[in-house]
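Listed below are the residues making up each chain.
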Amino acid sequence: MKRYSVFAIAREALRYHTGWERAWRSPEPKASYDAIVVGAGGHGLATAYYLGKNYGITNVAIIEKGWLGGGNTGRNTTIIRSNYLQDSSAAIYEKARSLYETMSQDLNYNVMFSPRGVMMLAQTHHEVRGYLRTAHANALQGIVTEFITPQRVKELCPILNIDGPRYPVLGALWQPRGGTGRHDAVAWGYARACSAMGMDIIQNCEVKGVRSENGVVTGVDTTKGFIGTKKLGMVVAGHSGQLAEMAGFRLPIEAVALQALVSEPIKPCMDVVVMANTVHGYMSQSDKGEMVIGGGTDGFNNYTQRGSFHHIEETLRALVETFPMISRLKMLRQWGGIVDMTGDRSPLISKTPLGNCFINCGWGTGGFKAIPGSGWAMAELMAKGEPGPLAEAFNMWRFKEGQFIDESVAAGVAH
Amino acid sequence: MSTRLAKGGRLIDRTAAVEFTFNGKRMKGFAGDSLAAGLLANDQMLVGRSFKYHRPRGIVASGPEEPNALVNLGREARLEPNQRTTTTELFDGLEATSQNHWPSLEFDVGVINNYAARFMPAGFYYKTFIHPRPFWKHVFEPIIRRAAGLGKAPTQGDADRYEHAYAFCDVLVVGAGVAGLLAAKAAADTGARVILLEQAPVLGGRAPVDDAQVQGKPVEAWLSAMEADLAARDNVTVRLRTCAAGVYDHGYVLADERVADHTPGDGRPKHRLWRIRTAKVITATGAIERPLSFAGNDIPGVMLAGAVRDFAVNFAVSPGDRTVVVTNNDSAYQTALVLKAAGLEVPAILDARDVVTGALPEAARKAGIRVLTGHAIASVKGGKRVTGVSVCLQAGEGAVTEEIACEAVAMSGGWSPVVHLYSHCGGKLNWDNGISAFVPDPMRPPLNHDGSAMVECVGAANGDLDLSGTAPAIPPVWVMPQGAPIKLRLKMWLDYQNDVKVSDVQLAAREGYMSVEHTKRYTTLGMATDQGKLSNINGLAILADALGSEIPQVGTTTFRPPYTPVTIGALAGESRGDIFQPLRRTPMHEAHERAGAYFEPVGLWRRPYTFPRAGETHEQAVHREVVNTRTNVGLLDASTLGKIVVKGPDAGRFLDMLYTGVMSTLPVGKCRYGLMCNEQGFLSDDGVVARIDEDTWLCHTTSSGADRIHGWMEDWLQCEWWDWQVFTANVTEQYAQVAVVGPNARKLLETLGGMDVSKETLPFMQWADGTLGGFPCRVYRISFSGELSYEIAVPASHGAAFWAACTQAGKAFGAMPYGTEGLHVLRAEKGFIMIGDETDGTVIPQDLGLDWAISKKKADYLGKRGQERSYLASPDRWKLVGFETLDGSVVPDGAYIIADGTNANGQRNTQGRVTSTYYSPTLKRGIAMGLLKHGPTRMGDVVEFNTVQGGTVKARVRDTMFYDKDGEKQNV
Amino acid sequence: MLTLECPYCGLMADETELSPGYEAHLKRFGPASSPEEFEAYMFARKNPKGVHFERWRHSYGCGKWFLAARCTATLEVFGTYPAQVGEPPADIIAKIQARRPEWKAGWQPDGKDTK
Amino acid sequence: MSDPVSALNGASFTGFATIREIGPLGMISLRHKGGAALTKAIKAAVGTKVPAQRRIEIKGEMACGWMSPDEYLLILPYAKVGATMAALAKALAGEHHLAADVSDARAVFRVEGAKAAEVLAKLSPVDFAKLERGELRRSRAAQVAAAMWAQDGGFTVVCFRSVAGYVMGLLIHSAQPGSELA
Ligand SMILES: Cc1cc2nc3c(=O)[nH]c(=O)nc-3n(C[C@H](O)[C@H](O)[C@H](O)COP(=O)(O)OP(=O)(O)OC[C@H]3O[C@@H](n4cnc5c(N)ncnc54)[C@H](O)[C@@H]3O)c2cc1C
Ligand SMILES: NC(=O)c1ccc[n+]([C@@H]2O[C@H](COP(=O)([O-])OP(=O)(O)OC[C@H]3O[C@@H](n4cnc5c(N)ncnc54)[C@H](O)[C@@H]3O)[C@@H](O)[C@H]2O)c1
Ligand SMILES: Cc1cc2nc3c(=O)[nH]c(=O)nc-3n(C[C@H](O)[C@H](O)[C@H](O)COP(=O)(O)O)c2cc1C
Ligand SMILES: [Zn+2]
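These protein sequences, in sequence, are chains L, Z, F and H. Per our numbering, the first sequence starts with residue 698, numbered consecutively. Per our numbering, the second sequence starts with residue 7, numbered consecutively. Per our numbering, the third sequence starts with residue 90, numbered consecutively. Per our numbering, the fourth sequence starts with residue 5, numbered consecutively.
Be aware that a few hints might be false.
Label-pair distances were calculated between CB atoms; the ranges are [to be verified]: (1) K862/Z / K134/H: 34 to 42 Å; (2) D131/H / P965/L: 43 to 51 Å; (3) N915/Z / P124/F: 26 to 34 Å; (4) D180/F / D131/H: 53 to 61 Å; (5) Y752/L / A865/Z: 51 to 59 Å; (6) G39/H / W730/Z: 13 to 21 Å; (7) N439/Z / W1094/L: 55 to 63 Å; (8) S1105/L / A865/Z: 44 to 52 Å; (9) K390/Z / S1105/L: 55 to 63 Å.
Straight-line distance between alpha carbons at most 35 Å, and here's what the computed DSBU-like set of lysine-lysine pairs gives [as the list claims (entries may be wrong)]: (10) K927/L / K184/F; (11) K971/Z / K817/Z; (12) K44/H / K94/H; (13) K184/F / K37/H; (14) K193/F / K116/F; (15) K286/Z / K116/F; (16) K985/L / K765/Z; (17) K184/F / K1048/L; (18) K985/L / K31/Z; (19) K94/H / K119/H; (20) K1081/L / K939/Z; (21) K434/Z / K286/Z; (22) K851/L / K158/Z; (23) K927/L / K193/F; (24) K47/H / K37/H; (25) K753/Z / K765/Z; (26) K727/L / K921/L; (27) K817/Z / K1048/L; (28) K493/Z / K676/Z; (29) K493/Z / K964/L; (30) K193/F / K1048/L; (31) K191/Z / K134/H; (32) K119/H / K191/Z; (33) K119/H / K84/H; (34) K116/F / K184/F; (35) K434/Z / K762/L; (36) K37/H / K870/Z; (37) K905/L / K1081/L; (38) K1081/L / K1097/L; (39) K765/Z / K184/F; (40) K985/L / K1097/L.
By construction, these hints were calculated from the structure, which means they are not laboratory data. Here the structure is a predicted model, which means the values were calculated and not measured. Glycine included, C-beta positions come from ideal geometry on N, C-alpha and C.
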């Protein structure tokens, strides 16, 4: 793999950039692999990357039905934070956040991780108490967060209307090292690194069936034929229900559309990420200048990558109330992604009823921020066959026992 | 220079002059002009700067496809960035400023990016700015951000108002060109209800500019006849200035009407967002002309041929005295003819095709215009405006055959049908080799709710580029000249706004970003504010070529709403200010406002948090209210509490399923506290249930629980136990409810008079109907404070008067209103739990020591099975206890109780957390409740709560009843 | 933006007049049930990419719950019917089979597939 | 005892249509699955027949509206509610039913004028051109539930009492002069 740097650009500029090599190869599948990861989203690619990097397992195929990064990884609002309430969530999201800090250097690919700070507004007394609880939990989890005053909120984000009138800002939970990243670059950077390790990323190849013998997985049927494997990782987000059905079990998952939109680009006016959960809206400004805005989820099962428009309206009226200056900006584009919502809204990183078949899903509306941590933990699970401490709580049997990992209790939503 | 022609201009009114400013410069135009036409008429060729390289940008198109000519419009509370000049109607006093430059449009420092362009190809930022690590956040990213973005961010709220409107029809026709008008008429003839939308302020589409005749009639005559015909029908509604922004599932179409953009401040809504439901959508949205990719095709003065024609015919504006036409199809010849007819020079038509024989080319030749077939532009000369072109053979590598001086270039690379709306909901496209464009595939349309085709396309939008019905062949010409070397390709713009060039797309392909979606995201092709209306097809043709593939195999990127950007204010609609959200008011709301209440939101209600007096902090006010309630009497507006009547032969049985306790055995006239859980077993609501008569119960819920619990009841009754005879009614709002609380409560009621509220007649946990002070009421003897307490329900229409009467009657006894925070403190002093504080969706009643409210005998209740699961039944769960800090201080809200050591992930172990913590003005010390592992067995232990500063607060474990343990105060 | 006909009101209702309620025909398992049954009742969802039977409430109308057969991949609605039934009506099954010949009535009230 | 006070105490606004809050109005929510006893009880209470699906039967100042297959809304003078409730209890004794006085739980508006429908068309996803005479439509007004029907050349709109101020705000916003739809 040729290294990327300023010097490489200068060198290439002289020959009109004709010398760049492919960021990743696009090979045909081999007959079999040591491990197959289904789904070349962020989580699948990170899983493969850490299989190689942490465990030396590189005879790996990543199978993707469309184009890599084209799932939710390529369509999310890119908020990265780790100020979660429950210990197991906080652990894996903080692991992920810390890996994001050095991701550009690790991958030699600028993923533009931008730790500009994330604030979650408290606009009711109940929310204040909820965020104070999270702040106390975070203090014990080793996560730097702070409950800040309305005045500090205003200083950090001058375009915010903190004086209501309906929901004056009473404070905010502030994570200064949270932020955003360039979502596509995360997928591309991992893909390039995986490919460089000799892994095969096989795009436009849909998994149609899972084969097993004696309760142990043997391979997958795909639109490019059968591909054998010793281990299978299913990392397909919204399509997890389909994959699980192929493997013969059911998941506590519903696939619903989550929407987002961007405004037309404007000059920088907002240097933090703001989430306003009372009114249901969140917004940040991308490096290109668009306001990136997250909408709501439909309450019905949906695989169309588009949602119902009234959620967009609800989000925008909440944001006009919170940021009156956006009223005269224009919505440029809106889209949807199919998110995988579990029974407790927390993910699964788990063994399954099928031997050597592992699942990673359920990241729902908030898994972009988890990508490196999730890949790290999933690689450990696949390599060792047993979960490590990061993954342990996220097993799929917790639903039977009632041991949920419920984040909604912290007055927050997941993004 | 670009200028106003002496004659013509079908859309302008030369008798109505209009003044406007651009960058402070005063300019003149006419009513009917677009802002773009006004700018061109005043020789303003340079109107902006591109996104990445800050290159000079001029007007290139005449409609919503315009990528360049965007301005900041208006100022202050009416400032609108990125306003498209080609679709902005000129009005007197319009103020526009150009964007994305510093210090000025003419001299822009950012243009150094242009000179460094070679070092900034597509995706360069992914390859650099990696080291040293902190530099990205602190140096590189801020620079990039400042250079990016287009218009200025407004700093104020919006001075204008917006609204929504619903409309319904059988057939919605989008686009009022010839095709749309005919479709609307045809649909109307069948008796269907028709709505016809046109984004422009006038009907007609391209025909008045492009066609002499329609259906054998002169075009203008045909149009006015058609307009009159449609206007006369009452089943047709025509909406001008209304852009269909998006087509959504089940025939839902969003359309944005620009009601008062051209008359700002006249009091009308600026925009109206239409939400249209239609059985069928017909899109007659026309076609958009494509640019040609030649070097320097982005220099101001290079325009689409159709746009040049539009400006000349519609507004009598010409971009230059000498215009070179370059094309691969016949339509551009019309431009040459129009210009020639207007007395302007057309030094040459460069046609990439080798053989050109159509009627239009013949007419051009006849008019004496030089037609060079097989020719192309090698490069355009000029910086901030065109000064000439170098000509070459299309077939070669760009060897210049001659140079032609000119002020403008009119280009046409063919036409792309506007298939956006067809595609929004999944309609699929076919590649049409004849016209080198994607056209709708009628076999794979977007589907309606019933599975029928939801959208149909007609006219140019369907690929029928000619009214005659015989589509002229348009051969593909994707680069000019065909064998252009890299130096030329570096200067061939695809996406003018985002500065994406032919070389960038080729680089993306070379680097393996082979999916069209990868190329889009890597190069940002088509991601600008025009969403690639001009660039997408050209870009993917280049990509297909670079991949050695075919265009249909490469495919398009996804078309997404909106078709043109929609103002966010319009999407928010009426929901702002006072009607941002419904504000629920109790009948006493105004009285509380008059009393100076500080409110807090509780769901959509607003409840008084406290009633501060002059000079008091909120905290002091709360303490005063608590003490007064304990010593005299307090009044609480409890109207928001949910009240649900449950009635029927099976009502008792039903409530026994709903509550953890037994309600069927509650005697008539009595009250009982109950808990409701969800099927998981988690506590979801609580409240007092009153038995009204043999088959009627009244269930009180929490304020935010009323609608939720009513819905929950109906859910079970309708979907699970539909054969049970139970009716429910949510009567929450029928009653105003006042809690009269404190030692003087009875005296207050006796002063009102009318019924016996003595201990004997109305003991604790009973209710009675009667009148008080002449108000019909129902009085419940229940207490959430531990005091002697009555909750009195009166009809809501008497609520305000009853509150006033209580206040009046209470004067002698020291009555004061108290708010929700006082309520919280009072209940915490008594160890009563609060839904939302002690519970958070993960807590079961058993955790809270509420086992007494759970029937052991019942075979089933909602949540029972859930609570039997191993984790919920575990003896290790955290359970509710009270805490007293050793130093009397208040435990911080949200604190955790630390335990020894750390877990496998290095996090500090915990063993519990606080759920309610207050300063008790009664006990004059901090009191707290919380959940603690094995809590009830640990009375007297000292535990440590963490603080966010890093220290701890020590507290002793005790029971939760801090005040009046024996309940002597409430049972008097 | 869906429209569904409320079978009680006989009215095409706008999605914004309705509240969705996820999978229909779930069988409730109470205290005597096995951990597996209870887990399946609470969590295991068919979540098909295709024909789905689901609950809706006409919450801004009559307040009644009804059921719908809808394709989650195209959003086509095959029909709606009152909630007070144990299984989808035959005419709706027939309609689905006509529109989706490959679809198998793999539906069973206990939350398990026959597929 | 004071006089009953409606939610907005009779507030009004004149724009391109006229908005008036009316009331207090007597309203009884009656739940019953139907049958002869119901027919008789409704007749006795408000003098109308049992309305068919989505209909409202209006007789003078009394009316009965179909709210759902087992729910009816009786409308009558406020002062008659008490007596009517008692009469209903008697008439339906032994029948499974629920009658609740909801007079004070509601706010009622009249929207009048030639363009009254345009005011409502901005707020409700209702096809007013197809709203039949005598049809009672339950829907939304922007973010809250509302029921409406055409009556006396205008519309009657019923919403919950607590959001009366919000609904008035919506109606005023929608009836602003100059914002007519046609
Ligand atoms: C609108 C929106 C906003 C969001 N905002 C945020 C946010 O701000 N912060 C945050 O942290 N998270 C956010 N999320 C969530 C986040 O995007 C996801 O959790 C995350 O991207 C999931 O990554 P993934 O790799 O698991 O899934 P994906 O990126 O969806 O990848 C799964 C891949 O599997 C492939 N696949 C599926 N089926 C098959 C098959 N049969 N064979 C082969 N391949 C298959 C898919 O094509 C896809 O590429 C948002 C999501 C959406 C939709
Ligand atoms: N010879 C050629 O190559 C060529 C190419 C293109 C068009 N034409 C000419 O175009 C005309 C074809 O007629 P037509 O009716 O199909 O197209 P048209 O371009 O005349 O009309 C389309 C109309 O739709 C409107 N529109 C587009 N998108 C809209 C939206 N989202 N919302 C509201 N309005 C929208 C446009 O403003 C325009 O008025 C003929 O005059 C034909 O000669 C010729
Ligand atoms: C953070 C973020 C920023 C985006 N910015 C833009 C943008 O500036 N212009 C644009 O056209 N689309 C933008 N998009 C939207 C994408 O074009 C695209 O709609 C989205 O990734 C979903 O893919 P799809 O529409 O191809 O299904 C952005 C998407 C994300 C996630
Ligand atoms: Zn209904």
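Assuming the hint says 43 to 51 Å, is it satisfied by the Cβ distance from D131/H to P965/L or not?
Between D131/H and P965/L, where Cβ atoms are some 46 Å apart, the hint holds.
Just tell me: holds or violated, for the beta carbon distance of D180/F and D131/H against 53 to 61 Å?
violated, 27 Å
CB-CB spacing for P124/F and N915/Z relative to the 26 to 34 Å hint:
With Cβ atoms ~29 Å apart, the hint holds.
Sort out whether K184/F lies within 35 Å of K765/Z, counting only the CA atoms.
violated, 67 Å
Would you mind confirming whether the straight-line C-alpha gap from K44/H to K94/H stays at or under 35 Å?
The hint holds at about 11 Å.
Between K434/Z and K286/Z, is the straight-line Cα distance small enough, at 35 Å or below?
holds, 17 Å
Is the Cα-Cα distance between K851/L and K158/Z 35 Å or less?
The hint holds at about 20 Å.
K286/Z and K116/F were given as a pair; does the straight-line alpha-carbon distance stay at or below 35 Å?
violated, 39 Å
Between K47/H and K37/H, does the CA-CA distance stay at or below 35 Å?
holds, 16 Å
Please verify whether K119/H and K191/Z have alpha carbons no more than 35 Å apart.
This hinted pair holds, its Cα atoms lying about 26 Å apart.
Determine whether the Cβ-Cβ distance between K862/Z and K134/H falls within the hinted range of 34 to 42 Å.
Since K862/Z and K134/H have Cβ atoms about 57 Å apart, the given range 34 to 42 Å is violated.
For the pair supplied as a hint, K971/Z and K817/Z, is the alpha-carbon distance within the 35 Å limit?
Given that 35 Å is the threshold and the Cα spacing comes to 30 Å, the pair holds.
Hints 1, 4, 8, 10, 15, 16, 17, 19, 27, 28, 39, 40 from the list above are not met by this structure, while the remaining hints are.
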